[in-house]
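Based on the hints, put chain L in the right spot on chain R.
The chain contents come next:
Protein chains: 2
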Amino acid sequence: MNKNISKNGVEILCIGTELLLGNIINSNAKYLAEELASIGLPHYRQSVVGDNSKRLKEMVLEASKRSRILITTGGLGPTPDDLTTETIASIFKSPLKARPELWEDIKKKLSPNEKGMPLSNQKQIFFPEKATIIPNPTGTAAGMIWTPINQFTIITFPGVPSELKRMWQETAIPWLRNYADNQHTIVSKILRFSGIKESTLAEQVADLLTNENPTLAPYAGTGEVKLRLTARAKNTEEALSLLRPLEANLRKKTGSYCYGVDHETLASVVINQLRQRGETLGIAESCTGGGICATLTETPGASDVFLGGLVVYSNLSKQKILGIPSELINKHGAVSEHVVKAMANAALQKLHVDWSIAVSGVAGPGGGTKTKPVGLVHFAIAGPFGCESFVERFGAHRERIAIQKLSVVRGLDYLRLLLVRGV
Amino acid sequence: MNKNISKNGVEILCIGTELLLGNIINSNAKYLAEELASIGLPHYRQSVVGDNSKRLKEMVLEASKRSRILITTGGLGPTPDDLTTETIASIFKSPLKARPELWEDIKKKLSPNEKGMPLSNQKQIFFPEKATIIPNPTGTAAGMIWTPINQFTIITFPGVPSELKRMWQETAIPWLRNYADNQHTIVSKILRFSGIKESTLAEQVADLLTNENPTLAPYAGTGEVKLRLTARAKNTEEALSLLRPLEANLRKKTGSYCYGVDHETLASVVINQLRQRGETLGIAESCTGGGICATLTETPGASDVFLGGLVVYSNLSKQKILGIPSELINKHGAVSEHVVKAMANAALQKLHVDWSIAVSGVAGPGGGTKTKPVGLVHFAIAGPFGCESFVERFGAHRERIAIQKLSVVRGLDYLRLLLVRGV
Numbered sequence: 031m032n033k034n035i036s037k038n039g040v041e042i043l044c045i046g047t048e049l050l051l052g053n054i055i056n057s058n059a060k061y062l063a064e065e066l067a068s069i070g071l072p073h074y075r076q077s078v079v080g081d082n083s084k085r086l087k088e089m090v091l092e093a094s095k096r097s098r099i100l101i102t103t104g105g106l107g108p109t110p111d112d113l114t115t116e117t118i119a120s121i122f123k124s125p126l127k128a129r130p131e132l133w134e135d136i137k138k139k140l141s142p143n144e145k146g147m148p149l150s151n152q153k154q155i156f157f158p159e160k161a162t163i164i165p166n167p168t169g170t171a172a173g174m175i176w177t178p179i180n181q182f183t184i185i186t187f188p189g190v191p192s193e194l195k196r197m198w199q200e201t202a203i204p205w206l207r208n209y210a211d212n213q214h215t216i217v218s219k220i221l222r223f224s225g226i227k228e229s230t231l232a233e234q235v236a237d238l239l240t241n242e243n244p245t246l247a248p249y250a251g252t253g254e255v256k257l258r259l260t261a262r263a264k265n266t267e268e269a270l271s272l273l274r275p276l277e278a279n280l281r282k283k284t285g286s287y288c289y290g291v292d293h294e295t296l297a298s299v300v301i302n303q304l305r306q307r308g309e310t311l312g313i314a315e316s317c318t319g320g321g322i323c324a325t326l327t328e329t330p331g332a333s334d335v336f337l338g339g340l341v342v343y344s345n346l347s348k349q350k351i352l353g354i355p356s357e358l359i360n361k362h363g364a365v366s367e368h369v370v371k372a373m374a375n376a377a378l379q380k381l382h383v384d385w386s387i388a389v390s391g392v393a394g395p396g397g398g399t400k401t402k403p404v405g406l407v408h409f410a411i412a413g414p415f416g417c418e419s420f421v422e423r424f425g426a427h428r429e430r431i432a433i434q435k436l437s438v439v440r441g442l443d444y445l446r447l448l449l450v451r452g453v
Numbered sequence: 031m032n033k034n035i036s037k038n039g040v041e042i043l044c045i046g047t048e049l050l051l052g053n054i055i056n057s058n059a060k061y062l063a064e065e066l067a068s069i070g071l072p073h074y075r076q077s078v079v080g081d082n083s084k085r086l087k088e089m090v091l092e093a094s095k096r097s098r099i100l101i102t103t104g105g106l107g108p109t110p111d112d113l114t115t116e117t118i119a120s121i122f123k124s125p126l127k128a129r130p131e132l133w134e135d136i137k138k139k140l141s142p143n144e145k146g147m148p149l150s151n152q153k154q155i156f157f158p159e160k161a162t163i164i165p166n167p168t169g170t171a172a173g174m175i176w177t178p179i180n181q182f183t184i185i186t187f188p189g190v191p192s193e194l195k196r197m198w199q200e201t202a203i204p205w206l207r208n209y210a211d212n213q214h215t216i217v218s219k220i221l222r223f224s225g226i227k228e229s230t231l232a233e234q235v236a237d238l239l240t241n242e243n244p245t246l247a248p249y250a251g252t253g254e255v256k257l258r259l260t261a262r263a264k265n266t267e268e269a270l271s272l273l274r275p276l277e278a279n280l281r282k283k284t285g286s287y288c289y290g291v292d293h294e295t296l297a298s299v300v301i302n303q304l305r306q307r308g309e310t311l312g313i314a315e316s317c318t319g320g321g322i323c324a325t326l327t328e329t330p331g332a333s334d335v336f337l338g339g340l341v342v343y344s345n346l347s348k349q350k351i352l353g354i355p356s357e358l359i360n361k362h363g364a365v366s367e368h369v370v371k372a373m374a375n376a377a378l379q380k381l382h383v384d385w386s387i388a389v390s391g392v393a394g395p396g397g398g399t400k401t402k403p404v405g406l407v408h409f410a411i412a413g414p415f416g417c418e419s420f421v422e423r424f425g426a427h428r429e430r431i432a433i434q435k436l437s438v439v440r441g442l443d444y445l446r447l448l449l450v451r452g453v
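Quick mapping for you: the protein sequence lines, in order, are chains R and L.
Heads up: the first sequence begins at 31 in the numbering used here, then just goes up one per residue.
Heads up: the second sequence begins at 31 in the numbering used here, then just goes up one per residue.
Only chain R is shown next, with the shape it has when bound in the complex (with noise of 0.2 Å):
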């Protein structure tokens, strides 16, 4: 059979009227057309259709014409305006049947509190009979991979994100691996870099940016940028022995601001580098308000080195929690590194570990001055060397919550340079 996509290629078809009224951005086609590139199958064309039954059907219909696979998002809810297996079921004439093992899983995923199962969650099961389940793991909406006619198959998901993001990898990648070629592997590869800006990034290793295999591709995040390494080759050894010298090359053009790699993040790393050392850390934070905190807590096992975080948002919680003295903060301000110094020591103190983060500064829009403007935030770290503080600007164009996340991001970063340097 002939295998080579190359020629249509695959389609993203996002619904969804939400996205037509520009209430939501459209994240799902981001992260697919992402994914579609990173194991090398070819897309040439993204739509959104809002949640109408006959523009749904006018598009996937002229889709079926010109690509190879159909990739939907969106209408998988309970409701009645979740048209999309319907919708499509109906473009070809297929009948629906109901999936009892569907039925079994939606209920164990119902709250036991709720009074009633809701009947409508019901119609989550109907699916034309020969079409493949994507379960979804951590949700009531199921997606299916269905080829209705000759060369043309409908892989749909819903279009809550996490949802997705777990049924493409554990089910849709699998199958998608298989579907694009058995004659090469794809193997890809992600480095991590923070304290570095994508451009300055992108001219250290330029004349990598060329190579056609392995190839080399930079993106960038809010504070960090990534680098995607991607081999192809007969089979998965062979496309790692590509990546090797690659990776190797990059880690010394780029030195200490090479992070992690594939899903590892600022705070895994630094909770792996202290576990290592048997060591513990607790954060004193007041601009960036609790997300150091969550950010080291979003990781798995973060309770064995993060023991505890003081929230001192205010002048008050400052003197009251930390025992930061209302002189020290009347006279320098309590954006300052005589305070943010004071805050590390007390956290190490008042939280009994061994390494402290504290940040304090101007997250805006309100409350910035002629010398503490928006932007303008103090960091410290301490730890069993002693005590290091900096600031940074990061600038009074950007938005509350951009300066709190670079804040959360540089504050982390910083104790991994620490760590690394071997302190």
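Keep in mind that the hints were calculated from the coordinates and are not lab data.
Bear in mind that the values here come from a model prediction, so they are computed numbers and not experimental data.
One should not assume that every hint holds.
Since copy identity is lost for identical chains, a pair holds within one copy or between any two.
Claimed, not checked - Under the rule of at most 20 Å between Cα atoms (straight-line distance), these lysine to aspartate or glutamate pairs were calculated in the DMTMM-like manner: (1) Lys153 / Glu116; (2) Lys195 / Glu429; (3) Lys219 / Glu294; (4) Lys435 / Glu328; (5) Lys227 / Glu48; (6) Lys227 / Asp111; (7) Lys264 / Glu367; (8) Lys60 / Glu48; (9) Lys219 / Glu267; (10) Lys139 / Glu429; (11) Lys400 / Glu422; (12) Lys195 / Glu294; (13) Lys256 / Glu92; (14) Lys402 / Asp237; (15) Lys219 / Asp111; (16) Lys219 / Glu200; (17) Lys435 / Glu254; (18) Lys283 / Glu228; (19) Lys227 / Asp135.
Frame of chain R; chain L shown alone:
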């Protein structure tokens, strides 16, 4: 062409290979969609295509057959992969003509340090003869408004969001408002709900979901549900008068599940309620690990109400920071009604606040037992009325981060409901 399909509506086409590779998120589509909704122009379709002349041609031709207006973004730059203007002109066989006034403008904008004038920029001054120019006050890529055939107008913008926005506001909006004069105005409003599942809410308002004008559509998020009400009328005043009775009806049916409208968040609603009462809030959180504090402090001006939080992630910090007796923890476990109530009461004292929320649970993936499984979370609220506790089972099938987010929402919502009850 099928004469039964009458052309209508506005369509958005975003041009750029970086979108197909998932390198960037399509924020322009969201912006334009929201703007179109706000001026009441019907918008049924969005598409994305790469920097490829052949596929771009196909998509513009398709749009010309079904839509009245096509808005494009991207492909107006000076480099060879910027193809939009010439490709569109070639479809309708219109020659391009230089606009000398644009060249004067570009020369002024190029940096004076620049050695010589980049000839490539000259590309940006060629447009179809009858096109109206959309000046770009902050960049070199001008756009156009061009009606190449009867009942089909193309409006082009560069891909840089800040340039697009200014050109949209200054030139496109006045043109579109004039165009839209004979059309209808669309006004929409979002009602936000917590503590109720999407399917349960949809059943409660089932009779209204089939309304034609105004329409009603439900959307689910993590721990919250939205209903979007959309009215179509001759003008804004008439549209609002259609929305008012529907909103009143919905609020009557759903009671206190509805926590806010449009851009409000649970955190902003709770903060506003406490600000009006002149009362303050503190947090003691364990399994949510700082998430409640971080969510509250995303709201500008949170510091009026939120004084501080204690992230007591370890038993040691529960004892040292909050003064919870070790016997209480040993007897009942850290995840228990007794401990969470003690945490809430201690937070009132330590943080010198009027209200507190305390949370302790098992976020997983490890740490679950038969009696205290993953997803079991205890909450307590303390305030002028005394102290109340409750328990949730979010289910062990959920991921750690989802359990943390649901717990944040539930804790804030419980405080909101107490305030609504007027305790």
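Cross-check of the supplied hints:
no., hint, result
1, Lys153 / Glu116, "within (10 Å within a copy, 49 Å between copies)"
2, Lys195 / Glu429, "between (28 Å within a copy, 12 Å between copies)"
3, Lys219 / Glu294, "within (12 Å within a copy, 40 Å between copies)"
4, Lys435 / Glu328, "both (14 Å within a copy, 10 Å between copies)"
5, Lys227 / Glu48, "between (34 Å within a copy, 18 Å between copies)"
6, Lys227 / Asp111, "between (43 Å within a copy, 16 Å between copies)"
7, Lys264 / Glu367, "neither (56 Å within a copy, 58 Å between copies)"
8, Lys60 / Glu48, "both (17 Å within a copy, 10 Å between copies)"
9, Lys219 / Glu267, "within (14 Å within a copy, 55 Å between copies)"
10, Lys139 / Glu429, "between (38 Å within a copy, 13 Å between copies)"
11, Lys400 / Glu422, "within (15 Å within a copy, 48 Å between copies)"
12, Lys195 / Glu294, "within (17 Å within a copy, 27 Å between copies)"
13, Lys256 / Glu92, "neither (34 Å within a copy, 32 Å between copies)"
14, Lys402 / Asp237, "neither (41 Å within a copy, 55 Å between copies)"
15, Lys219 / Asp111, "between (40 Å within a copy, 18 Å between copies)"
16, Lys219 / Glu200, "within (18 Å within a copy, 37 Å between copies)"
17, Lys435 / Glu254, "within (11 Å within a copy, 23 Å between copies)"
18, Lys283 / Glu228, "within (14 Å within a copy, 51 Å between copies)"
19, Lys227 / Asp135, "between (46 Å within a copy, 17 Å between copies)"
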